[in-house]
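Colleague: Grab the two chains, each in its own frame, and use the hints to assemble them into the complex.
In order, the protein sequence lines correspond to chains E and A.
FYI, the numbering for the first sequence is 361 to 932, going by the working numbering.
FYI, the numbering for the second sequence is 983 to 1150, going by the working numbering.
Please keep in mind that the hints were generated in silico from the structure rather than gathered at the bench.
A couple of the hints might just be wrong.
[Claimed, not checked] A few chain A residues facing chain E, derived, Cβ under 10 Å:
#1 984
#2 1022
#3 1058
#4 1114
[Unchecked claim] In silico lysine-lysine, DSS-like type, Cα no more than 25 Å apart, as pairs:
#5 E:902 - E:768
#6 A:1147 - E:623
#7 E:623 - A:1139
#8 E:623 - A:1025
#9 A:1025 - A:1139
#10 E:623 - E:449
#11 A:1051 - E:449
#12 E:897 - E:768
#13 E:783 - E:768
#14 E:687 - E:706
#15 A:1114 - A:1139
By construction, the Cβ of each residue, glycine as well, lies at the ideal position given by its N, Cα and C atoms.
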Amino acid sequence: MSNKSPHFDDSLLEAGKLNELRKLLTGLDQNELQKLQLLLNDPHEFSAEIGRLLPYSIRKMIESGELNHDSLLPFVEETIHQSILKNPKRLANILFPVMGPAIRKAVSEDIKRMLASVNASLENGFSPRALKWRLQALFSKRSFAEIALANSYLYHVSHVFLIHRDTGLLLHEETADESRPLESDLIASMLTAIRDFVGDSLKAADSGSLDEIQYGGLKILVEQGPYAILAVIAEGQPPADYRVTLMETIEAVHYNHSLDLEKFDGDTAVFQHTSKFLKQCLVKEKKATRPRPPIALIFLSAIILGLAAFFFIKGYQNRQRFQAFIKELEMSPGYHISKSRIGFNKLFVNGLKDPLAVPPNQMAGWADLDTSQIRLQLEGYISTDADIVIQRARQILLPPESVQFKLKNAILYVSGQSSEEWKQLLLQNYRSVSGINEIDISGLNQNVVDLQWIVPEIERHIFYFDVNIIRLDSVQQLQFDSLVGAAINLEDYNRIYDRNMAIHVRSYTNHHNPANEKVAFDRANEFRELLIQAGVKEDLLKSQVLFVEDLDRNVSLRSVHFSVFDTKPQQE
Amino acid sequence: MIKKKIVMLGAFAVGKTSLVQQFVHSIFSEKYLTTIGVKIDQKELMVNGQEMTMMLWDLYGEDGFMKMKPSYMIGSSGYFLVADGTRSETIETAIELQRMAAATTNNAPFILLINKSDLTESWEIAPETLLKLQQKGWTVMLTSAKLNLMVNDAFQKLGQMMLEKNNG
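If we strip away everything but chain A, and leave its shape as in the complex, we get (with noise of 0.2 Å):
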């Protein structure tokens, strides 16, 4: 049985619970986001015909309000960076998000899900930012939570991320 502490991060609103929501096994409610910071949910899965049991830390998104506590992140193995497609600028949130989890994490695998892909007609992402971004390295998926849109597959392919790591 592989363990495995998940992060995920992103701005205010760009979608991290509901992209969980529906996946998870999930005993806390929602209200421990805005009191604690943190929401800790559950989900297994097969990764390379390996048994992975991965612990979903949803951090409270980051406003004006309230700070992310980076303590938060000590031990992740990976980690989900969120934005949303219809903002821009949480792209922006996103990356700053990644330099400090980066280096928490050390250098953990990540992956940037520009979630709410169903929403077209208000995308605000160009594709050139997410091509320099996938130049860099970073691994991109767009998801859509609402519509169960390349939401297992993130998980999945965060799971194999993390395996090779190990591996490697």
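Chain E on its own, in the form it takes in the complex (with noise of 0.2 Å):
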């Protein structure tokens, strides 16, 4: 016992002093030796060890300046690069959810509006439409690319559908047209089904998709992601910006359920949240309708402005007549007219008449008038006109057929033959009749010089000439003074018979000479002065020379005749 025990300690003893020799040479005892030892062994511990310390050491490395971003930059690059060789398409769908707002950002609104510009000219350019558009454009001065896109921005998104790209599954859909339910699940999967069979047909590469079915007026447009699509049906052309609003809905699904679209095992119901962004894609702009011409106000209008129209004719016409009538009574005698007024439709006339001016009714302007339109308010009065005084003066004298009235100056002048008996009662009776202040009986009864004969006497004289001879030679005067004896009686014959008789010298020439106008206004002349001097009243005479050409009938050249004329007709 006593060999064993010490043999025991001296091995012990040697044990410890190793193990303390260990720990002052490396600072570590046995079982930190074991583990380390183990690890260095062991590849997988070792790189998981070394894995934990890599970044920090890297970090460590650029902060202290020995390895920088330039350094890295080519190791990273060929990273990605053969990451991209090898599977393209994890990488975009990695990146998928940030790109698409960044490359959108980088392409203007104008660049976009001019794409869909040219598209929509494009695909309208010869059709009856597009003919039509250019002749708005050319009448209204805008660009055909601006009338296009004005009509093209008119559509209406009904249903939208979040469907899982492989399986074809809708995971939800929002609608906005409610009457119209569609199969949207069968839909989903077809559209599905569609897209393979034209991917699958028509051997299109992985970059291609299904972007736009269109059907007549209705269009589905597809916006494809990584594991869902989103389809809307839209009728009419969206706007060219539409996209970018479908782009970042699935760009918003995408990110916010990217786990459940990978892991998708049939259970939609996460989907439901989905809604928010779905919403934003039922969309619809209403072309502006020009409004329709508002047609019952426009016949409306026409009736009251052809009313208007007829009753401002129908008044003006009135109004003529009623103005005309008026002054008809103003001029007719026997009126006196004080007030007229022209109402609405009406005519309002006060004034005085005498009983013996022509009732309103015989009047020429009472034809054109309604009588229920007239209201007259005559008052009786005795008129001192003169035709109404000699109207008067026969109703009261009854003067016999022979005997003629004249009045003025409130004078009445009585001519013609009478009995003395008649006579005698003029005299008495004539201040009763009203208007006459006087009479002159002077022509009454006288015996009166027929004087009819001096017309024919006078126009009988014809006087011949010789050339360039003025002077009446001895002989011509015998016949002037014949032709005085008749014209002096010119002026009583005009009062006997109540005329205006003038004696019209006229002198014959011819054109062949100038001179000759002048010798024949010169015999004119000298005519006129010869029968003035004898008495003959100056305004009674009248001279003018003639040319034989232009009469039509035979005329003696150089002859002076001499016509008797009434310058002032009576009136009958």
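Modeller: Here you go:
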């Protein structure tokens, strides 16, 4: 026992010393060294340990300047490059939510509008509608592209489907048109089948996708995402930037549901939350409808205008007729109009009327008037108008037919033949005739000289002259005296017969010699002067030169004729 | 609401369309099968107390003129392989299609439907063949679209299998 114990003790002592020595040398005890050895021998453990330290080491090295970004760049680039070469889709999927917005920001709105304009132009370049647009552009001075775009901006997106890309299953849908329910699940699947069919049939490249299906006025617009696709049903042509809305929506769905989409196992409940994104796609813009012409209003206005025009014209015509009638009344003897007023379709006249005046309804203007439109207030009065006074005188004095009345300045001139008895009655009664102050009966029952002969007597005389002779020769002088004998009575003739006869001295010549006219004029003047000298009043003489060529009857040259005519024909 | 994409696969004229025709809601006509190679129908059912919408992609049966488009299978959560019990060669087609579908659908659950089970007199498929497939782990069901035998059960079963895979 005693032998074994020292040996055991020695070995223990040795081991203890060795440990102490190892610790002194390495600073590690045996357990720690064994652990370190195990780490070095096991590559997995070792790499895991290094992996934990490596990022920290790199960061420290960069901070201390031992390593910079430039020196790391080739490795990173090469790694990414290799990754893209190996599986480009993976990187595209990773970058999809990030790249979309970045790319879109780079594309200005103007360029998009321009592209849309070009598309619209090409699509509608030769259609009848395009022709109409071109005409619109021509007349409105706007560009065709503008017109085409303006007409394109008419759309209505009624349904939005979120479809799982691989399975074709409908994840969620939103609709703006509840009245038109669709077999959404079937449509979603069939759309996927059609996409696959097109892709397979055309052997389309990975990058290709089915973006749009058009059927008549309906369009299905499809926006592809890595795990889901967005399909909308639109009527009309959504604007170019609607695509951006679709892109943003599918990106938002992927951003918020990337894991749900990637691990999709048929449970669609979680995609209820995409509702708020999908609803953004339900848009519509109604084309500004051209306001319909207010036909009823136009019709009514036309009727009103027509009626107004009718009444205006009618009123105007009435006013004209009323005014003409008032004037006629004012001019008619025996009327005195004190006041007249034209009202709405009515004529009001106030004044005086002699009982002998022509009744209004016998006046010419009366026929044009509607008697119901006239209010005449005419009081009786005694008119002093000559015609009325003479009428009154005839009614009262009852003259025989051979007696004529004339009134001037309230003096009644009586002429003609009557019995002495009537003459006495006249003298007794004329004062009872209103409007007559005095009476002149000098013309009554006188032996009136018959002067009817003087006109043919005057006109009988014709004087013939030789060339350039103006003066009368002795024979002509006698002839002239005979003329004067008749002409001198012309004033009496006028007075007796109440005429205004005058002598026209007509001197005839021709155009052969310009001097002829002068000679003819002098001859006429000579006679005029001679007649005045003989006592014929100057205002009863007129002279003129006439050319025989201008006459349609034969008259001798160088002759002077006398014609008697009434300068103021009597009114019948 | 659970939605699943289901594909109907099988040789030409095995009765795929007939199997689903009476039990689904459809708005598309049969012409889609011959034009774009697929017709999509919808079936809603309760599976394990859960409402499930199956979108049934009825693919055109392969024949000499038209090949099935594999892209239609992408995203399927399950599929029916349909064979005609009176034509043993349709089993071979189904097996071939299963290989392709397994790769495309990431081993989605499936059921082999041997249709036309009412035509017992002209039955060609030996029980051993089906047993072998069952031993491989296949779910095999005999159906008759004509007599409505096991059709709803098949949809129910596939629905359960898909849910189980979801949960597993």
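Colleague: Return the status of the interface hint for residue 1058 of chain A: holds when the least beta-carbon distance to chain E is below 10 Å, violated otherwise.
Modeller: holds, 7 Å
Colleague: Can the hint on residue 1114 of chain A be confirmed by a CB-to-CB distance to chain E that is less than 10 Å?
Modeller: violated, 32 Å
Colleague: Has the given pair, residue 1025 of chain A with residue 1139 of chain A, been kept, meaning a C-alpha gap of at most 25 Å?
Modeller: The hint holds at about 14 Å.
Colleague: When you check the alpha-carbon spacing of residue 897 of chain E and residue 768 of chain E, does it fall within 25 Å?
Modeller: holds, 24 Å
Colleague: Are the Cα atoms of residue 1114 of chain A and residue 1139 of chain A separated by 25 Å or less?
Modeller: holds, 20 Å
Colleague: Taken at face value, is the distance from the CA of residue 1139 of chain A to the CA of residue 623 of chain E at most 25 Å?
Modeller: holds, 23 Å
Colleague: Can residue 1022 of chain A be said to touch chain E, with a Cβ gap under 10 Å?
Modeller: Holds, about 4 Å.
Colleague: Residue 1147 of chain A and residue 623 of chain E: Cα distance at most 25 Å?
Modeller: Holds, because 13 Å separates the two Cα atoms, which is no more than 25 Å.
Colleague: Under the criterion of a CB-CB separation shorter than 10 Å, is residue 984 of chain A in contact with chain E as hinted?
Modeller: holds, 5 Å
Colleague: Mind checking the alpha carbons of residue 623 of chain E and residue 449 of chain E for me, to see if they're no more than 25 Å apart?
Modeller: holds, 17 Å
Colleague: Is the Cα-Cα distance between residue 902 of chain E and residue 768 of chain E 25 Å or less?
Modeller: violated, 29 Å
Colleague: Quickly compare the C-alpha distance for residue 783 of chain E and residue 768 of chain E to 25 Å and report which way the hint goes.
Modeller: Answer holds: residue 783 of chain E to residue 768 of chain E is near 20 Å, not above 25 Å.
Against the hints set out earlier in the document, violations occur for numbers 4 and 5.
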